[in-house]
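There are 2 protein chains.
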Amino acid sequence: MVCSGFAQGLSLAARSLRRDGVRALAVESYGISPHRELATAAGLLIPPLPVDRHGARLDLLERRQDLGAVLLTPAHQFPIGVPLHPDRRAAVVDWARDRGALVLEDDYDGEFRYDRQPVGALQGLDPEHVVYLGTASKSLAPGLRLGWAVLPGRLLDGFLAAKGYAERHPDSLSQLTLAEFIESGAYDRHIRAMRLRYRRRRDQLVQALAGRAPQVRVTGIAAGLHAVLRLPPGAEPRALHGATWLGLAVQGLESFRHPEHPPEPGSDALVVGYGTPPDHGFPTALEALCRTLEAL
Amino acid sequence: MVCSGFAQGLSLAARSLRRDGVRALAVESYGISPHRELATAAGLLIPPLPVDRHGARLDLLERRQDLGAVLLTPAHQFPIGVPLHPDRRAAVVDWARDRGALVLEDDYDGEFRYDRQPVGALQGLDPEHVVYLGTASKSLAPGLRLGWAVLPGRLLDGFLAAKGYAERHPDSLSQLTLAEFIESGAYDRHIRAMRLRYRRRRDQLVQALAGRAPQVRVTGIAAGLHAVLRLPPGAEPRALHGATWLGLAVQGLESFRHPEHPPEPGSDALVVGYGTPPDHGFPTALEALCRTLEAL
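If you're matching them up, the sequences are chains V and L in order.
Last residue of the first sequence: 296 in the working numbering, with the numbers rising by one and none dropped.
Last residue of the second sequence: 592 in the working numbering, with the numbers rising by one and none dropped.
Please note that the accuracy of each hint is not assured.
Partial list, derived from the structure: chain L residues whose beta carbon lies under 8 Å from chain V [said to hold, decoys possible]: (1) D316; (2) G317; (3) P330.
Counterexamples of contact, computed for chain L against chain V with all Cβ distances above 10 Å [what the hints assert, rightly or not]: (4) A337; (5) R385; (6) L456; (7) L492; (8) G543; (9) L592.
Estimated spans, in silico, between C-beta atoms of each pair [stated by the list, open to error]: (10) V:A249 x L:R360: 47 to 57 Å; (11) V:R23 x L:P448: 31 to 41 Å; (12) V:D20 x L:D362: 25 to 35 Å.
Just so you know, the hints here were simulated from the structure itself, not pulled from any lab data.
A virtual CB, placed ideally from N, CA and C, is assigned to each residue, including glycine.
Make the full structure from the sequences, and use the hints.
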C-alpha cells in the first residue's frame with residue numbers, strides 16, 4: 001500500500017491496531033518523538049524497550065501482556081545506529097507469531113549500507129506477522145511524501161478503513177513518476193551513486209574527527225545518513241551549545257529519549273546528519289563541527 | 297493552508313470544530329456522502345438543510361441551537377446546480393456572525409462559469425466567519441490531491457493541530473509545480489481554454505437532448521462540469537438501468553440524498569458529468585445517453 005510517507009503508514013497501523021482492540025505498542029527507548037505521538041494519538045500505550053549494542057532488548061515483550069505490537073528499526077536503530085542482533089530478529093518474530101502480535105518494521109534508510117553485508121528485511125522472516133514500512137524520504141526527498149507498507153493480507157481492510165476518504169492516496173503523478181523511475185532502472189542508479197557520495201562524506205567525517213577530536217567516538221555509521229558522536233560524560237549540553245553557536249543543526253541524543261525511559265548517565269552524544277548539506281556546504285559544516293568538538 | 301484535496305480541508309475543519317466543542321454541522325440535503333462521512337467520523341451531527349431553487353434553505357439554522365457551522369456549495373450547489381440566492385448569502389453570513397459560527401464554503405468548480413457573471417466567494421462577505429475551501433481537482437485533476445483552505449487566523453492553530461505529523465503537507469514538488477504554473481500565467485490560460493471546451497460540451501449535450509429527449513429538462517448548467525437531467529416522475533431507476541446497460545457511468549440524484557432528508561416525489565433525475573470522457577469518446581457517450589433517454 002502506497003502511503004503519504006512513513007508517518008502515514010505508522011499512523012494507519014496504529015489506528016488499525018487500536019481498532020482491533022490492541023492496547024499497547026512497544027517502541028524503542030530512543031526514537032523520533034512525533035512517531036511516538038502518532039501512536040499515542042491513536043490511543044495506544046507505548047512502553048519503551050531499552051536499546052543496547054545489539055539493538056532493542058526484548059525481555060519486556062514477554063513480561064507485558066497488553067502488548068499487541070512492537071515498532072522497531074531493525075536494520076539501523078534510529079538514532080543509535082546498531083543493527084538488531086540476528087538472535088533478536090528471530091526472537092521478535094517468534095514472539096509475534098506466538099502471541100498473534102505484529103512487528104512494525106521501520107526501514108527508513110535500508111538503501112544506504114556501507115561496511116556490512118545488506119541486512120535483509122525482518123519482514124522476510126515472517127510476512128504474516130511483520131508490517132514492512134519503507135519510504136522515499138531518505139533515498140529521494142521527504143517532501144515527496146511517498147512511503148509504502150507491505151502488510152499481511154488480513155490487515156488490508158483495517159488499513160484501508162483507517163485511511164478513509166480524506167487520506168485515500170498521495171499524489172498520483174508522483175506515484176507514477178516514481179514507478180517509472182524504478183522501472184527504468186534510474187532509481188537503482190541513483191541509489192548507487194548516492195551511496196558512494198554519502199559514504200565519502202561519512203569517511204571524511206570519521207577522518208576529520210579522528211584527527212581533531214580523538215576523544216569523540218563515532219558510532220552507528222555502518223549504514224544510513226547520520227552518525228552518533230559519543231562525547232565525554234556531561235559534555236552533550238556544551239557541545240550542543242557550541243554547535244548552535246556556529247550555526248550547525250545537530251541534535252543531542254537526549255532529545256530522542258523516550259520520556260518513560262530513564263536518562264542514562266554517560267550517554268552523552270551528538271546525532272549528526274551528514275546527508276543534508278549541499279556538496280559545497282559540507283566542508284564548512286564539517287569544519288564547524290570539528291571546532292565545536294575540539295573546544296570540549 | 298494547502299491541503300491534500302478538498303477532502304482533507306473538510307476533515308481538518310470538522311475535527312477542529314469538534315475539538316472546539318461544536319456538536320453539529322448543517323449540510324445540504326443533497327451532496328457527496330463521503331463528505332458527510334468525514335464530518336460524522338469527526339464526531340459531528342450533520343442535520344440536512346433542504347435545497348430549493350434558491351439553494352440551501354436556512355430556516356433550520358435559526359431553529360437548532362447545537363449548530364456551530366454549516367457546509368455549503370454556494371456558487372453551484374452540488375449536485376443540483378443552483379447558486380445560493382444573494383439574500384441567503386447575506387443571511388448565512390449574518391447568522392454565522394451573530395452566533396459565532398462558521399460557514400464552510402465548498403467552491404469545487406468556481407473556475408467554470410458559462411452563462412452568468414462570476415459569483416464572488418462567500419468568504420469575501422466576512423473572512424472572519426467563512427472558511428473558503430478550493431481545489432485543483434476540477435481545474436486540473438483529482439489525482440493531484442491539491443486543495444486549499446483560506447481561514448480566519450484564529451482557526452489556524454486548530455487546523456494545524458488536526459493536521460498533525462502524519463498529514464502535515466501534500467507532495468512539495470506538486471505544490472511548487474502548481475505555484476509556478478499559476479505564477480507563469482499558464483494556469484489562467486489553461487482555465488480559459490478548458491472553460492471553452494467544457495462549455496462546448498455542455499451546449500452539445502443540451503442541443504442533443506432538446507432534439508432527442510424533449511421530455512428531459514436539463515438543469516444546473518450555468519456553471520461546472522455536470523448537468524442534472526430532470527426526468528418524468530418515477531423514471532430514475534429505469535434511466536439508470538438503461539445507462540448502465542450502455543456502459544455509461546452516471547448517477548441518480550437519489551444517490552446524493554442525505555439519509556435524514558425524506559425522498560422527494562418527482563425529483564427523479566440523472567446527474568451527468570460531461571467533463572470526464574476524452575474528446576474522442578464524448579460523441580459516443582452522448583449518443584448512448586440520448587438513446588437511454590429516448591427509450592424512457
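Was G543 (chain L) rightly flagged as not at the interface, with every chain V Cβ beyond 10 Å? Non-interface label on G543 (chain L) holds, nearest chain V Cβ at 24 Å vs cutoff 10 Å.
Are all C-beta atoms of chain V more than 10 Å from that of A337 (chain L)? violated (7 Å)
Compute the least Cβ-Cβ separation between L592 (chain L) and chain V, then decide whether it is above 10 Å. holds (33 Å)
Please test the hint of 31 to 41 Å on the beta carbon pair from R23 (chain V) and P448 (chain L). Since the Cβ atoms of R23 (chain V) and P448 (chain L) sit about 39 Å apart, the hinted range of 31 to 41 Å holds.
Could you check that no beta carbon of chain V comes within 10 Å of the beta carbon of R385 (chain L)? holds (27 Å)
Against the range 25 to 35 Å, how does the distance between the Cβ atoms of D20 (chain V) and D362 (chain L) compare: consistent or not? This hint holds: roughly 33 Å between Cβ atoms.
10 Å cut-off, C-beta based - L492 (chain L) kept clear of every residue in chain V: holds (25 Å)
L456 (chain L) remote from chain V - nearest C-beta pair above 10 Å: Its Cβ never comes within 10 Å of chain V, the nearest being 13 Å, so this holds.
Are G317 (chain L) and chain V close enough, Cβ to Cβ, to be under 8 Å, as the hint says? Interface hint status for G317 (chain L): violated (19 Å vs cutoff 8 Å).
Would the stated hint for P330 (chain L) survive a check requiring a Cβ distance to chain V of less than 8 Å? Hint holds; P330 (chain L) Cβ to chain V Cβ min 4 Å, cut 8 Å.
Taking the beta carbons of A249 (chain V) and R360 (chain L), is their distance inside 47 to 57 Å? holds (51 Å)
Closer than 8 Å between Cβ atoms is the bar; does D316 (chain L) clear it against chain V? Give me holds or violated. violated (18 Å)
Checked against the numbered hints above, the structure breaks hints 1, 2 and 4 and satisfies the rest.
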